[in-house]
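Sequences listed follow chains A and B, in order. Going by my numbering, the residue at position 44 of the first sequence is 754; the numbering climbs one at a time, nothing skipped. Going by my numbering, the residue at position 105 of the second sequence is 448; the numbering climbs one at a time, nothing skipped.
The reader is advised that the hints may include incorrect statements.
[What the hints assert, rightly or not] Computed footprint of chain B on chain A, listed as stretches where at least three residues anywhere in the stretch have a Cβ under 8 angstroms from a Cβ of chain B:
1) 769–775
2) 820–828
[What the hints assert, rightly or not] Anything over 10 angstroms on all C-beta distances counts as not near chain A; from chain B, calculated:
3) F427
4) P431
5) G447
6) I451
7) T468
8) G469
Derived from the structure by calculation, the hints contain no laboratory data. Since this is a predicted model, take the numbers as computed values, not measurements. Ideal placement from N, C-alpha and C gives every residue a C-beta, glycine not left out.
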Amino acid sequence: MFDSDGCAWTLGIDGDEAFPTDYQGGSTTTNTSSILVTTVAPKSIVQILGYTVLVTPGAGGTVGFGAHSTAGQLSGMTFPAEAIGCYPIGEEGQGHVILNHAAQNGSNTHIKCSAGVTAIMHWRRLQ
Amino acid sequence: MSNTLASGAGSMWWGHAGTGAATRYSFPLSSLGTGTTPNVSAAVEHATSLLYLARAAVVYSITITVAAAGDTATLGLVDAAGTFTALPGLAFPCDAAITWRFPGGLRIMAPAAATLSANLAVKTTGASSVTVSYRKVA
Numbered sequence: 711m712f713d714s715d716g717c718a719w720t721l722g723i724d725g726d727e728a729f730p731t732d733y734q735g736g737s738t739t740t741n742t743s744s745i746l747v748t749t750v751a752p753k754s755i756v757q758i759l760g761y762t763v764l765v766t767p768g769a770g771g772t773v774g775f776g777a778h779s780t781a782g783q784l785s786g787m788t789f790p791a792e793a794i795g796c797y798p799i800g801e802e803g804q805g806h807v808i809l810n811h812a813a814q815n816g817s818n819t820h821i822k823c824s825a826g827v828t829a830i831m832h833w834r835r836l837q
Numbered sequence: 344m345s346n347t348l349a350s351g352a353g354s355m356w357w358g359h360a361g362t363g364a365a366t367r368y369s370f371p372l373s374s375l376g377t378g379t380t381p382n383v384s385a386a387v388e389h390a391t392s393l394l395y396l397a398r399a400a401v402v403y404s405i406t407i408t409v410a411a412a413g414d415t416a417t418l419g420l421v422d423a424a425g426t427f428t429a430l431p432g433l434a435f436p437c438d439a440a441i442t443w444r445f446p447g448g449l450r451i452m453a454p455a456a457a458t459l460s461a462n463l464a465v466k467t468t469g470a471s472s473v474t475v476s477y478r479k480v481a
């Protein structure tokens, strides 16, 4: 899936849940607890390529990704954000794929940063 | 591979040199990476950018070549009037000489506003220098 076209991005800020408002390239981000603003839902397949930590309080900082519904997000998709830098995830940096999730709202992908963390979710919609 | 450049051909780059306390902008002027302009406030400089009227560009990495504590390298777009508009949240700390290597590449699309293209520029407000690796894809 890697090519020269790059991938979309969404900015997560300080304890908020941030949802993409487009899937073309992502300079627009809305931080909200509402699931209604995202355009990456439902019934899509999303590849999370990695994340970039821009601001962190240090120890204990985390960033998480996943589908979202009123019931919550994918469990276990939480990563450390204790130091600034770029962090590819998955096999050879090819990321994790989030498939349609029967118990949640498709691949309603978002990023959630712990308090004090600002980070970018690098992602791509596959379907 | 939808890009006209063959895979493995490498990306373009431009260098940006900060000047201490002064805010400084730059954007790519040359495919050789030597084209750094000190200020994009003038429309005539804007029009000379290699990314003028681009619809999409990808930033693969930003290398902090000269670190400056407290400084940030902010990515933005420049409109036809030469005004720099920061992309939301894309301000990278320059406290250490590191490379921000973005997973998958950071795609920047031209905004809907007719006055803006994906005309990338970078801004620092301190003494840091950076190199931006990028490619125009549309």
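**Message:** I'd like to know which numbered hints this structure contradicts. Please list them from smallest to largest.
**Reply:** Failing hints, ascending: 1, 2, 4, 5 and 6.
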